[in-house]
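Chemist: Single-letter residue listing:
2 protein chains.
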Amino acid sequence: MASPAAKRAKSDKDTPYHLIYWPGIPGRGEPIRLVLEDAGASYTDTATMENGMFTVTAQIADDNTGDPANPPPLAPPILKHGDLVISQLPNILLYLGQKLHLAPQFGDEAGDGAYIVNQLALTALDGLSDETHDTHHPISVGLTYEEQSQESLRRAKEYVAKRLPKFLGYFERVLKGEASGEAPWLYNGTFSYADMVLFHCLDGVKYAFPRALGKLEKSGNYERVFKLYDAVKQRPRIKAYLESNRRQKYSMGIYRHYPELDDAA
Amino acid sequence: MASPAAKRAKSDKDTPYHLIYWPGIPGRGEPIRLVLEDAGASYTDTATMENGMFTVTAQIADDNTGDPANPPPLAPPILKHGDLVISQLPNILLYLGQKLHLAPQFGDEAGDGAYIVNQLALTALDGLSDETHDTHHPISVGLTYEEQSQESLRRAKEYVAKRLPKFLGYFERVLKGEASGEAPWLYNGTFSYADMVLFHCLDGVKYAFPRALGKLEKSGNYERVFKLYDAVKQRPRIKAYLESNRRQKYSMGIYRHYPELDDAA
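Respectively, the protein sequence lines represent chains W and B. Residues in the first sequence are numbered consecutively from 1, following the working numbering. Residues in the second sequence are numbered consecutively from 1001, following the working numbering.
So that you can see chain W by itself, here it is in the shape it has in the complex (with noise of 0.2 Å):
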């Protein structure tokens, strides 16, 4: 049989990106947007299109098997470039990364780096993102958070004592780390995707956590995080998109603001 990449046509850096994700919150949509912005690159949104939850729910509908170059999602976010379809946040990233060259090139010699990044990424993800989203559904997705509100609170005292400064620790002792490079990036003193994902996952945690974190701001023990989330905030085209009405306002995604959860710990 033919494979993949021949019944996929090629896809060049002029070809636009089409982000398909829920409207109405920033979601795990959000890094997408946030490096497709920071690249100038030219995408469409489902966020912003008439109908565009349709294109979501055909895509992840029971009865996609995908396309003879491409398998269906489980669920969005969804890239499609060319003819490619790809899901999984880290995933696209990744793919981002190469395409916009915001990480080390594969098959350079230096393209090793681009593991770092992606290692930088899934651990922001993880502990800032995932487990961000859990200390409002800790039992399950299927629920609402009202149904889950008693576990919740356990569950955000145990993320905003342990968790959270768990990986703010972490992150700072990345940026002391000699490979980190010059400051205030996170690896190789270059920009990459990493940096935008640590500071949409900071941004989500100040909003729903806006006490929690700033006490830890305050404690002076993650000034390298803290002066990172300002630089990726403060790079053109970033405030540029932050300003604009593309930016949808967080509500009742990822990251919610349940002041009860807030002062939990």
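Because the hints were derived from the structure by calculation, they are not lab data. Keep in mind the model is a prediction, meaning the values are calculated, not measured. Glycine residues also receive a C-beta, built at the ideal position from the N, C-alpha and C atoms. Take these hints with a grain of salt, some might be off.
[Said to hold, decoys possible] Below are the DSS-like pairs computed for lysine-lysine, each with C-alpha atoms no more than 25 Å apart in a straight line: (1) W/Lys80 with B/Lys1166; (2) W/Lys166 with B/Lys1080; (3) W/Lys206 with W/Lys157.
[To be verified] Some chain W residues close to chain B (C-beta under 10 Å, calculated; not the full set): (4) Gln88; (5) Leu100; (6) Leu102; (7) Thr123; (8) Ala161; (9) Lys162.
[Claimed, not checked] Far from chain B, by Cβ distances over 12 Å, these chain W residues were calculated: (10) Gly24; (11) Thr48; (12) Asp126; (13) Asp130; (14) Ser140; (15) Ser180.
Fit chain B to the known structure of chain W by using the hints.
Modeler: Just chain B now, with coordinates in the frame of chain W:
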């Protein structure tokens, strides 16, 4: 300053792999072992080395800031190959997929397939490893199971009723889809590390939830998924490995068998 690549000696295909992971459980080290075993690669494993535990704890110590070429890891598994030190299970698998040719190769005509294999591996690990783990630790990894057993019951019930069928159904759909190519493999009719990851995840869930998974298997709704499981188990090097003393028994790791959780649904 010198770039990390300049500070990093090149590793070639004869360079042995060094897996740094907790002794005593298969854990998140196991998919790495399986991939190395299947490829017949030369590797060392702290699980079977005297004082291997200290190699792990030195890597994740609070004062480890990495080396000139590599940031520190947050947690094991950690892979050392030549002078490259990387962590995060899906990241290590991505790397080994390239080195051991268990995925399409970046830079080849069909190289974008590597993102598809990465997507499938990430999805299996999300739903059939991380979420499975969380059935016995829904509140905190810093507490024992006994300290969160009530919440575990509730989470396990949701997991068995909703999440487990969702993920099995997803992979059945992937295997039904045209991009999977000839059976039994997930993508392009070719064995990849994503097949190995799915095998391992099913094996772990089978240990943790034998009744629940048995029922789902008997339903006949996931025949392709269980055929893939059998096909991986019969690969000659995997068969030999599973029978060897290098294969550790499941115990108190990611996959744990608590009969009350298995019966929760």
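Chemist: Restraint: W/Lys162 near chain B, CB-CB cut 10 Å. Satisfied or not?
Modeler: holds, 5 Å
Chemist: Hint check: W/Lys80 vs B/Lys1166, CA-CA at most 25 Å. Holds or violated?
Modeler: With a Cα-Cα distance of about 23 Å, the restraint between W/Lys80 and B/Lys1166 holds, given a limit of 25 Å.
Chemist: The hint names W/Gln88 as touching chain B; please verify it with the least Cβ-Cβ distance against 10 Å.
Modeler: holds, 4 Å
Chemist: Report holds if the minimum CB distance from W/Thr48 to chain B is greater than 12 Å, and violated otherwise.
Modeler: The assertion about W/Thr48 holds, with a minimum of 25 Å to chain B.
Chemist: So is W/Asp130 really clear of chain B, every C-beta pair being over 12 Å apart?
Modeler: violated, 8 Å
Chemist: In terms of Cβ atoms, is chain B entirely out of 12 Å range of W/Gly24?
Modeler: holds, 22 Å
Chemist: When the nearest CB of chain B is found for W/Leu100, is that gap smaller than 10 Å?
Modeler: violated, 14 Å
Chemist: Going by Cβ atoms only, is W/Thr123 closer than 10 Å to chain B?
Modeler: Holds: closest Cβ of chain B sits about 5 Å from W/Thr123, inside 10 Å.
Chemist: Report holds if the minimum CB distance from W/Ser140 to chain B is greater than 12 Å, and violated otherwise.
Modeler: Its Cβ does come within 12 Å of chain B, the nearest being 4 Å, so this is violated.
Chemist: Keeping to a limit of 25 Å between CA atoms, is the pair of W/Lys206 and W/Lys157 held or broken?
Modeler: Distance of about 16 Å is within 25 Å: holds.
Chemist: Verify the proposed pairing of W/Lys166 with B/Lys1080, using a straight-line Cα cut of 25 Å.
Modeler: Cα-Cα ~23 Å, so holds.
Chemist: Does the no-contact call for W/Ser180 survive, Cβ to all of chain B over 12 Å?
Modeler: About 7 Å separates W/Ser180 from the closest Cβ of chain B, which leaves it inside 12 Å; violated.
When the structure is compared with the earlier hints, violations turn up for hints 5, 6, 12, 13, 14 and 15 and for no others.
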